[in-house]
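Make one complex out of these two single chains by using the hints.
Protein chains in written order, with this note's numbering: chain D, 150 to 1130; chain F, 137 to 380.
Simulated from the structure, these hints should not be mistaken for laboratory data.
Keep in mind that the hints are not guaranteed to be accurate.
[Stated by the list, open to error] If you want the footprint, here are the derived chain F segments under chain D, 3+ residues with CB under 8 Å:
#1 178-189
#2 239-248
#3 276-287
#4 297-308
#5 313-327
#6 356-362
[Claimed, not checked] With a straight-line cut-off of 20 Å between C-alpha atoms, the simulated DMTMM-like cross-links for lysine to aspartate or glutamate are:
#7 D/K883 x D/D451
#8 D/K1119 x F/D248
#9 F/K249 x D/D177
#10 D/K501 x F/D363
#11 D/K371 x F/E325
#12 D/K306 x D/D277
#13 F/K249 x D/E175
#14 D/K501 x F/E362
#15 D/K1033 x F/D183
#16 D/K369 x F/D155
#17 F/K146 x D/E175
#18 D/K1033 x F/D190
#19 D/K184 x F/E287
#20 D/K788 x D/D266
#21 D/K613 x D/E640
#22 D/K1083 x D/D941
#23 D/K1119 x F/E247
#24 D/K1119 x F/D246
#25 D/K371 x F/D155
#26 F/K249 x D/E180
#27 D/K369 x F/E325
#28 D/K1119 x D/D187
#29 D/K184 x F/E291
#30 F/K146 x D/D177
#31 D/K1119 x F/E287
#32 D/K371 x F/E324
#33 D/K371 x F/E327
#34 D/K453 x D/E481
#35 D/K459 x F/D375
Idealized CB from N, CA, C, for every residue including glycine.
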Amino acid sequence: MSTATARGANSAPTQRSLPHPHAPIEGDGVETSPKIGDTVAKTTCYMCACRCGIDVHLRDGKVRYINGNKDHPVNRGVLCGKGSAGIMQHYSPARLKKPLLRTGPRGSGEFREIEWDEAMQIATARLDNIRRTDPKKLAFFTGRDQSQSLTGWWASKFGTPNFAAHGGFCSVNMAAGGLYTVGGAFWEFGEPDWENAKYFLLFGVAEDHDSNPIKIGLGKLKSRGAKFVSVNPCRTGYNAIADEWIGIRPGTDGLFVMALIHELLRAGKIDVPYLARYTNASWLVIEDPGAADHGLFLRDGDGKPLAWDKTANAAHPADDAEIAPALAGSYEVNGRRCVPSFHLLAQRYLDKQYAPEAVAERCGVPADTIRRIAAELAHVAFEQAIELPVAWTDTAGRRQETMRGRPIAMHAMRGISAHSNGFHTCRAIHMLQTLLGTVDVPGGWRFKPPFPKPCPPGPKPAGKDGGRPMTPLSGMPLGFVTAPEDLLVDEAGNPVRIDKAYSWEAPLAAHGMMHTVIRNAWKGDPYPIDTLMMYMANMAWNSSMNTSETMAMLTDTDAAGNYKIPYIIYSDAYYSETVAYADLVLPDTTYLERHDCISLLDRPISHADGPGDAIRHPVVQPDRDVRPFQSVLIELGAKLELPGFVNEDGSAKYRDYADYIVNHERMPGIGPLAGWRGENGGASGRGTPNAGQLDRYIENGGFWHHELAPGERYYKMANRAYLDFAVEMGFLPKAEPVVFQLYSEPLQRFRLSAEGHGAVQPPDAERARIRDHFDPLPIWYPPFEQALVDTDAFPLHAITQRPMHMYHSWGSQNAWLRQITSQNRLFVGRPLAASLQLADDDWVWIESVNGRVKGQVRVVDGVEPNTVWTWNAIGKRNGAWGLKEDAGEHNRGFLLNHAIGDLLPPDERGKRYSNSDPVTGQAAWFDLRVRLRKCATADCGLTEPRFERLTPPPNVAPPPDVLSFGAGFKVRHGADAEGVS
Amino acid sequence: MTSLPAATEKSLGLVIDLDTCVGCQACVTSCKEWNTGGHMAPLTDTDPYGGTVDGVWFNRVHTYEHTCGGAGRTVHFPRSCLHCAEPACVTVCPTGASYKRASDGIVLVDEDKCIGCKLCSWACPYGAREFDAIVGVMKKCTLCVDRIYNENLREEDRVPACVAACPTGARHFGDLGDPTSPVSRLVEEREGVALMPELGYRPTNRYLPPRARTERAPSIAAAPLEDVAPDGGFLGWVDRVLSR
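Pulled out of the complex, with its shape left as it was, chain F reads as follows (with noise of 0.2 Å):
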């Protein structure tokens, strides 16, 4: 229904540390934050104060635990929009509202062309998708479109909110579709992964995988403690210590 570009000049994403993500929600909120007032404003939230409050947010981080070589883990893991090479969500529109940018590799919605028939969040297996039900229309993560060549901003703030928000660190930004860039190397040196490749949609985003618990703990080749004065006694080693 919708096509592709042939090929996208940039392939823009993000790179997400699940190694350092804590779970702080500083993505979440600060996403929600900006893009409440962003391009595809507002980011209604339904119930706001009561007991079936919802709203859209472009970015949510869940936490679970898994088992991984016998030893328990609790992982946050921060979901957002994948910005795919093939995205399922744009060739599913029926109106062409959902596209894919050929400059820089952004999916984004035109909301002016949305009917809200929720066929693009169907599609999509990654939950990226968000239908703002009061204003009838569906909404996404921008990667900050809004943000990233803003002439307005610093040109060192011109990163995705929820890049220079993190308090960890744990989120990276750039051009995936160039090797030689630092985020590139970084998803090489680290072995990111994208998610369910399996399904064909080629995401564009990248997750640096926790390190295997046994792997990541740096190793400290520590020897047993031995007794320092098994005959003198500790307080005559500590004598004589001092005397050195």
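This is chain D alone, in the form it adopts within the complex (with noise of 0.2 Å):
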């Protein structure tokens, strides 16, 4: 075994190197030790968003292997599917080698090659007509962008609203849910405490994201007994290896949740003191039906939240630990009736109709079930408890000797997200969390700093006057409104943004509607634009609901032959179906070719036990006419002369990325990237730029990460060590506790709007709908497009599942990935394909209010009877990313975005709201309802709809036919290779 200490996720005894880990004599000639590069360059993985610590191994310029870094916080050592197959990414032939012009019609493909001089020339002089005359006109929207603090920064100097990534497509449910709630989110905010957790219950889809974490915590539990029960339609994935699975109908993960609330609220089987310190379980809400301040708190002069003190028999200030504060009963204050807000959510749940009997037929869950697993959260939380001996002081000065905990730890994601009721959904999972006392403590889900933050965040979005020419955003265009008055609304009530967040329709869309963009550009509503600038964002394909019609709305022209989305600037690494839509490309470098900052700023990859940041660095020069993207859009900002772009004298501030990564300030001493601040490199957190910062990260392995002293790592929300931290590392504004909130006073103020109170009201045809969605505490309703459709001809769920191999559309151009995928199929459960005669490799119509498509059939036991499903993005369009003309991906592989609305079917007034959940604006693409029809023999074969090849772009060589990477670089009987191939 080896001597030196054992490093990362794998190094059980069972997991090491041999005890003498030398060649034995053999005398076959193996060359045992053969040189594996002439360098190791550690950066930053991309092959998805999980952003782990990867080792590239370099030969003679030449990507040899990609392995995991042990040192990394997120990954310690391991690598998934898709980090380990990064080289084929690299080297992918759909690569774009250099900036296009648009020749033939849009859509078409057909483009010229432009030297980048003249690209930034054309891209300038639009924007700057734009930013000249009305900034609204640009639409900028990135995809997967890793970068947002900086685009989401550019947009505001440029001074448009419409700026936003693609987390309202993807995840901004779960994000608002928890952001409103607890103040971090599942995912990127926040973890199981997978060393301490005894249960853990996993809600959906959760295959991507994370990714190398969530396996190396599944491994933990595994290895320590704990019960890991999953609750998902499907029994694939991490499903596979749960100790119970709950094969719930889809969109009713939130009645679930409901019904174990009330079983542990009928067996008083809840945390209450957690309760009372860390929750406004205590706070008196007003109860005067009527009244415009009805179901808001009851605050003091100084707006100070109340709770009734029982040992003074009187209100006193919530925040005051000293109080003995009631939880329940009826008050009056300074004559207003008024009740702590704990006794509005027992009333709400203790309901017959949240009873396990009275959910089971909806969930398809057995009352039964959902009784013995409240019983065993009880037991687990309150019969199981554990105790780390950390001493730690809470905000109120109360010193712990010990860390108590409820082990019992929760992971959702997509699953619940991409609902209409998701946001609810979420709030009700944060709230189960809280009423067992597991947010963030031993064993239960913990935040990752810089979380939690107020609930929600600070910021509010800006941008309410539409944006003004030359005139920066008095703010990010992203943030989070807590009242009516924040909305991105007219006086008469429209959208400010052409995506129509934060309007009446989406009021708490904090992650934009990128999904929304293209119709409402398309249809000049609100207004028209002028230029849609995308990054990443792959919306000619299966980052849209309803594809087909997407991609005609891009090339739709008026009455004049004028395209109604008027230009198209687009920036991908790669051939993707959306290029051909652009009339601009700028050419992305892959992942090992740029800088990037992972920053906590942006999306943090910070552990739960300290914040952490990273960088990318190029570790290959490209081999193309190609330039990151952040750059460029750095160089455009200055040719703009956008505010903080450039110097007084009008000369660009910053030389590109890398240089911006090191020298920017946002606000003083904070910077994107936390460590080695200062001018000698001291400091963490604030501190002056230092010009060897990306230095010191390349020494590190390419990453910054602080360890939490003991003390500071669980009750972030109150422990007085931790919130010092925060503050002095820039995270929070004031060192005072995180008080989580299950009653939400914000959702109140919307639907007090909606009931005629306040001075910004919705228009009268949505009242209603913010009046019912609106509810303080979490509610459950059915999936909107289920309510709307007649479920008896759509009667089966549609979702998808993600292939922890592939990420969104990525792997297929990826020659070793697309092995493993290169066609996707629709999994019927087998009573349902009996019951439709329906067999392996048969042919369906998938058929959807909506549209349909067609797919081939795999057989399955293992899903809820009333679903299909197939794995998400392996369809691709007949041209893009590399393929050839016979690939698995376009001829027989299907995309399910062409069954899915956009748009929901007409209410009974006749209007068509987005498919999306009210709340936030998440897009609903879970809430499909389909039919399945079997093909007649003569339409069996290929998928529809079909679409005309794409032209590959120009000078582009045709992929190759056989690959026999890593020829060159064999070695044998001790020689050296000479060269690779």
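This is the structure we're talking about:
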């Protein structure tokens, strides 16, 4: 066994090298110690959004091998199926080579190559004109963007409110549901306590976010014998190794969770002291139906929420730790009747409408199972509580000798998020965690710094005036509204943003609504735009709902023959489906050729034990005329003379992205990277820019990580040492406790506005929708599509799951990953298949109220009986991603998005809303209802709809017929190889 | 035809935990990535971007469902060479290209001697052989013989690529011929199995079976939940809790 201390996730005695790891005498001439590379460069993976540390072994300038960085806090040496196939992504034949200018009709893929100077001139002229006249006519939407603190800041300085990344399509229900409830969220802002949890409850498909930490964690749970319960209609991926799989009906998770809450309340299995200390359970809610402040918190003259102090028999500021707060009862304070918010919560969920037997049928989960799970949760939380021998002091100054924990952890992701009731469902899950006292305690679900933040975090979305010529926005385009006054609507209540985010149709749209942009821009609703600029957003294919119609909108013209969306600028590293729809293409680099920062200002990669950030740096040089998009954006900013991008003399402030990463300060002393700040690199968090910062990152393996002291690692919402640290680092403005908002006052403010109170009220047509969906306590309602379509005609749910070896659309260009899956099937449960006389390989039409798509069947057992599913984004468009004419991806693979509407069916007034959550605007693509129809023999063999093959970009060599990658690395009999293939 | 060593000094192999494997394919691609530039390089892919794509892989994961004790289950099953003690792929080889190392028990192919007759792939009941039609030789898992002793790697990294990459920690490596080795102890503890032992090839690799659902669900001795305050009401109970 190696003498060195074992590092990394796979360091069990059974995973280490041999006791004497040197070649035995065998005499067979095998070279057992070939040279691997000339150098090892440590950077950050980009094969998905997990952002693991990687060691890139380089040989003669070629990538020989990529493995996980053992010191990296995200992946600790392991690397998933995608990351381990990074070589093939880097050398993909679909890589763009040079800027392209459209020559044929939009969508044809006919381009000519141009020089960067010309490309930048075209883009600058176009954008400059927009900025001088009406900056909102630039809609800037990015996709799987890991640089949103730059791209959003650029949009703000340009002066357009029309900016977002793809979070509105992906996961804003999770982010907003968490941030408005506990000041953190699943995935990027929190994680299970894998080391200490005894019970793990996983909701929905989570195989993509995040990748390796969850897998490492599941391995730990298994090795410790913790129980793992998965709640998912499909028994695939992680569900396969769950100790118990609950095959729930899609869109009913909220109901299931509320039934668990019902059971726990009924039995008194809730952590009452925890609720009193860390939540707004004791805050008094005004009970005065019809009044303008009904349902709001009772506050004192300083605006502090009040609680009822049972000792003094009087109302008192709730944040005073000395009081004995009432959580139940009805009190009169200054003539106002009020009740603790917990009283309302308990009344709500103790109602028999949430009893297991009342929800069982809708959830497809037996009432006995719900009761048993609730009993198990109660047992583990209250009979198996744990205690770490670590002293800490809370914000009230109370020192505690140990850290007590209720070892139940939870995680949820897209299966919850992508439903139109996902926001409330996500809040319900956080409520369940909180009632059990499991948020940020040992064994529970933990915050990753810089979270927790106030619920919700402070900044409001900027751009209410719609943007003015040559004027930056007053802040960032995306933020958190807490009242109708914060909405981005005009005086008549009409949306300010092109995507209608932060309008009455989606008030809490914290990530924007990328999925509405193309339709709205095409329709000129609320106004026409001039230019749509996109980055890594494959909106002409898998990043849109209703893909066929979306493609048509991109090419539609007005009576004069002009495109209805006048100009499209697109940046991507690869020939994705969307490239063909651009007028100007700015080719990006691969992830191994660029600088990036994985910033705490953006989407952090911290660990619950401490904050961290990371960089990418070019470990190989591009062999094509391509430039990293962020550097291009910075150059555009300088050419446009955007404030912040130029010096006083008008010269460019930043040479490129690397220069920006080091020298940009968002606030004095706070920049994109937290590590090695200050002149000598001695400061963390705050400090002046350090010219040697990137070198320090590279020396440290590409990342910075600060390990919190043991006493700072839990109870972060009220841990004085942690909160002091958070202030010092600039995470929080003040070291005040983060109080979990089980009862949400911002939601009630919207409800009041719908009921006719306040200065800003919804248009009459929107009142009922706001009133019904802005309940201050989590509610459940049937997913919208289900409620609006004839469910007898469309009796089935259709959803997608994430193959762990593919990330969105990127995997199909990867010669290795596509060998694992180049065609997706429609997975159909055995009883359903029998009733429809379907067998493996049969072709079926998957028909919805929105459209239809054709695919091939695979019969399975492990699926909820009323659900069919397929792998996400395997189906591709012919000609895209460097694939040949006969590739399975576009001949037999299919894209379910063709059957998913971007609009809901008309409601009783004939209005068609976006197919989105009414609170956050999250795209509701898991709400899809379908029926299956077996194809006639003549219809079998090829998927539909089919589209004309895209022309490959100019001067791109056809993909090879044989790939012998690595042949040149081979070493024989001790002789080093010459050259590489 | 090709003879086997009478005994091997070590029996190096893998132990794969089917109770933990989520089927993520990390072992599959990390193996491909290492080995396509390694001892048997390249692991050729044909029609890599077309409709008949195929390639040489030393390790593949199969996913299937089965029913056990009335309950269904999905199993992810990684499959690679088992480095048998009595491998038919070696004894059937007409040229001595397939051989089993006496030192560590690894079954290898000497490409210089391989004539591509494919007898070994017919003989192997586990489907572990991979023919490289472009190069014209048979290829297979080397147990990363060019990693596990590689003096150019840190000692801690001298493990097969699949073991290093596995994100759930479901793969283990060591000397299964030594009953005191950590892997042998793991196999004993978890009642690891050999695949199709009845065929008599005495595979070295072991699989740790998925625990039966009822057994593997750690027993939570949870009593059914009773109403907390059938008389006084829930809200009265809450008040009393905080008063304590």
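Cross-check of the supplied hints:
Evaluation of the coverage hint for the segment 178-189 of chain F: fulfilled, as 12 residues show C-beta separations to chain D shorter than 8 Å, against a requirement of three. Look at the segment 239-248 of chain F against chain D: 4 of its residues bring a Cβ nearer than 8 Å to a Cβ of that chain, three or more, so the hint holds. Counting residues of the segment 276-287 of chain F whose CB lies closer than 8 Å to any CB of chain D gives 6, which reaches the minimum of 3, so the coverage claim holds. Counting residues of the segment 297-308 of chain F whose beta carbon lies closer than 8 Å to any beta carbon of chain D gives 11, which meets the minimum of three for the stated coverage.
Restraint check on the segment 313-327 of chain F versus chain D: 3 residues with Cβ-Cβ distances below 8 Å, three needed, restraint holds. Counting residues of the segment 356-362 of chain F whose C-beta lies closer than 8 Å to any C-beta of chain D gives 7; at least three are required, and the coverage claim holds. About 17 Å separates the Cα atoms of D/K883 and D/D451, which keeps this hinted pair within 20 Å; it holds. Taking the CA atoms of D/K1119 and F/D248, the gap is about 14 Å. The hint holds against a cut of 20 Å.
The straight-line distance between the Cα atoms of F/K249 and D/D177 is roughly 12 Å, inside the 20 Å bound, and the hint therefore holds. The hinted pair formed by D/K501 and F/D363 meets the criterion: a straight-line CA distance of about 13 Å does not exceed 20 Å. With a C-alpha separation of about 14 Å, the suggested pair D/K371 and F/E325 falls inside the 20 Å cut-off, and the hint holds. Straight-line distance between C-alpha atoms of D/K306 and D/D277 comes to about 13 Å, which keeps the hinted pair within the 20 Å bound.
A C-alpha spacing of about 17 Å is found between F/K249 and D/E175, which places the hinted pair at or below 20 Å, so the restraint holds. Distance hint between D/K501 and F/E362 is fulfilled; the C-alpha atoms sit about 15 Å from each other, no more than 20 Å. With a C-alpha separation of about 9 Å, the suggested pairing of D/K1033 with F/D183 holds against the 20 Å cut-off. Taking the CA atoms of D/K369 and F/D155, the gap is about 12 Å. The hint holds against a cut of 20 Å.
Straight-line distance between C-alpha atoms of F/K146 and D/E175 comes to about 12 Å, which keeps the hinted pair within the 20 Å bound. Distance restraint check for D/K1033 and F/D190: the Cα-Cα separation of roughly 14 Å lies within the 20 Å cut-off, and the hinted pair is therefore satisfied. Distance hint between D/K184 and F/E287 is fulfilled; the C-alpha atoms sit about 9 Å from each other, no more than 20 Å. Between D/K788 and D/D266 the CA atoms are separated by roughly 12 Å; this keeps the pair inside 20 Å, and the hint holds.
At roughly 10 Å between alpha-carbon atoms, D/K613 and D/E640 fall within 20 Å of each other, so this suggested pair holds. A distance of roughly 18 Å separates the Cα atoms of D/K1083 and D/D941; the hinted pair therefore holds under the 20 Å criterion. A threshold of 20 Å between alpha carbons decides the hint, and for D/K1119 with F/E247 the separation of about 13 Å falls inside it, so the pair holds. Of the supplied pair hints, the one linking D/K1119 and F/D246 holds, its CA atoms being roughly 14 Å apart against a limit of 20 Å.
Among the hinted pairs, D/K371 with F/D155 is consistent with the structure: their alpha-carbon atoms are about 8 Å apart, no more than 20 Å. Of the pairs offered as hints, the one joining F/K249 and D/E180 holds, with about 16 Å between alpha carbons and a cut-off of 20 Å not exceeded. Straight-line distance between C-alpha atoms of D/K369 and F/E325 comes to about 17 Å, which keeps the hinted pair within the 20 Å bound. Under the criterion of a C-alpha separation no larger than 20 Å, the hint pairing D/K1119 with D/D187 is consistent with the structure, at around 14 Å.
For the hint pairing D/K184 with F/E291, the CA-to-CA distance comes to about 15 Å; that is within 20 Å, so the pair holds. For a cut-off of 20 Å, the pair hint linking F/K146 to D/D177 stands: about 16 Å separates their Cα positions. Our distance criterion of 20 Å between C-alpha atoms is met by D/K1119 and F/E287, whose separation comes to about 17 Å. Restraint check: the Cα-Cα separation between D/K371 and F/E324 comes to about 17 Å, which is no more than 20 Å; the hinted pair holds.
Annotation: proposed proximity of D/K371 to F/E327 holds, straight-line Cα distance about 16 Å (limit 20 Å). In summary, the hint linking D/K453 to D/E481 is supported, as the alpha carbons are separated by about 17 Å, within the 20 Å threshold. Restraint check: the Cα-Cα separation between D/K459 and F/D375 comes to about 10 Å, which is no more than 20 Å; the hinted pair holds.
Violated hints: none; the structure is consistent with every hint.
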